[in-house]
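> Sequence:
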Amino acid sequence: MSILGLGDYASYLFGESEGIKQARKRLNEEYLAPLSFANDMLLARIGVASTQEDNLRLRQLLEKLELTLTGSAEVDNHHSRGLGSNNLLFMACELLLLAAESDGFPLLLIEEPEAHLHPQRQLRLMSFLQEQAKKERTDHQHIQIIVTTHSPSLASELHLDNIALVEGGRAFPLCKGKTQLSPSDYRFLERFLDVTKANLLFARAVMIVEGDAENILLPVLAKLLGRDFHHHGVSVVNVGGVGLGRYARIFMRQDPEKDGMINIPVACITDMDVMPDLAPWIVGKLEEGQQVPVIPPSKRQWRIKADFPGNALEQRRIIRRAKASGQNVETFVADEWTLEYDLAFHGLGKQMYQAASLALADDRLNAGTAIKADIITAADAAYEAIMDSTTDLEILSSHVYALFESNGASKAIAAQYMAELL
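Counting from 1, position 85 in the sequence shown corresponds to residue 85 in the UniProt record's numbering; the numbering is continuous, with no gaps.
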C-alpha cells in the first residue's frame, strides 16, 4: 500500500471511531451550523491529510512523521536523549539525503558539532565524517564536509591535511605544500598531535616547551611578571622533549608572500643541554679522579663546554634556534644548561634547592611522616654550606642540579613546589 493509501485508511479508521464521530457531530451541529447559510453549509471532517490534491496530501503526511532516537534498553526513550544526540540524528539525515541525491554539488556545512557532545562522542563523530567524505556517490562525486570548531578533541582526530586554521578573517590550510612541515613532520604529527597539544590551534599565542617543569613554571613566572598567560590567551603546549620544531612549523607558511603569514606569535623554549666543565663530577656523571671520555671513541650523550672550542658553543645555539624560527615563530635557547640549572644560576638557587628537597621528600610529606617547614630548614642549611664553600655560580648551580641528576628529584614535582615558593 502506498503512503497515500495508508493515509486514506488512517482517515477512515479515525472517522469511524466513536470519539471522533461524536466530536465531528457536535462541531457541525452545535458550532458550525449556527454560522452557516441555508445554501452554504459549513461542515467539518476530521482525518489525516484531508487535502484533495495528491502532492499536498503526501507532503502533509510526511510532515506529520517524527524522527526520534531509540535505544536497546527498555528504559531508553527519545525524551532521555539530549541535544547532542539529536544533533547527531540531524547530521545523519542530512548525510543520508546527500548520499541519495544524484545531481548538484554535495556540500554539508556543520557549525561547532561539539556542542552538547562529550569528548568520546566527538572523536567518533569526526572519524565517521572523514569516512563519509571518502565515499563516492552514484554520480562519482564525494560529499564535501566543512566543519567549524573550537574543540581540541575534534581537531586532534583530523589529519593536518584536512585542517584550515582561521585567523584574522583568513583561512590558512595546513595541508602539504602550504606549510614548512616536511612529509616526515606530517607523519609524526598524525601520531602525536593529541587533544592536549591540539590546543595550540585555538590559541592567540603559543608557547611550546619540552617538559613538565616548564609547563608548570612558565605560567607562574609570567604571572609574577604581570603577563598572565590566561589574560593574554597564551597556550602552553608540552611536547615532552620530542619534535619541538615540528609543532612550531605548523605556523610557518611555505609561501608567506602569496598566502600571508599566520599572525599568532609562537615561542619555542628549549634547553642548551651543555653543562659546565666541572659539573660531571658534581652531578654524578663521573667519579672523582675519572677523566672525561673523549668523543670519539666514547659514545657519551652528555656534553660539557670544553667540547665546544672557539665559537662552537654559539654555533650550537644558532643551529638550535634555526630549527624553528621565522615569520611569527621564534625559538629561545636556555642561556646555560637546563631550566632548573638556569633558574639557580640566575638568582633562584636557594628556592630551587628548597623545591628539589621538597620533591625528594614528597612521598613522606604526603604520608604525613615529614613536615614541610623542617625540609625547608634542612635545605637552607645545606645550601648555605655549599655557598660557604664556593662563590663560583657554575659550581653552586651544579650542586643544586645534582639533586635532580644524582639524587633523582622529580622535575615536575619540584616545579610544583617551586611555584608555591614563588
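Be a bit skeptical, because a hint or two may be false.
[To be verified] What follows is a list of derived Cβ distance ranges for each label pair: (1) Gln-144 / Ser-410: 17 to 27 Å; (2) Leu-421 / Lys-299: 15 to 25 Å; (3) Glu-101 / Ser-36: 17 to 27 Å; (4) Gln-144 / Asp-363: 49 to 59 Å; (5) Val-292 / Ala-382: 53 to 63 Å; (6) Val-166 / Asp-228: 21 to 31 Å; (7) Ile-318 / Phe-188: 15 to 25 Å; (8) Leu-221 / Arg-321: 44 to 54 Å; (9) Phe-188 / Ala-412: 16 to 26 Å.
[What the hints assert, rightly or not] Here are the computed lysine-lysine pairs in the PhoX-like style, where the Cα-Cα straight-line distance is at most 20 Å: (10) Lys-176 / Lys-258; (11) Lys-178 / Lys-323; (12) Lys-350 / Lys-323.
Calculated directly from the structure, the hints in this document are not laboratory data.
Note that the Cβ used here is the ideal one computed from N, Cα and C, for glycine as well.
> If any of the earlier hints don't hold here, list their numbers in rising order.
1, 2, 3, 5, 8 and 12
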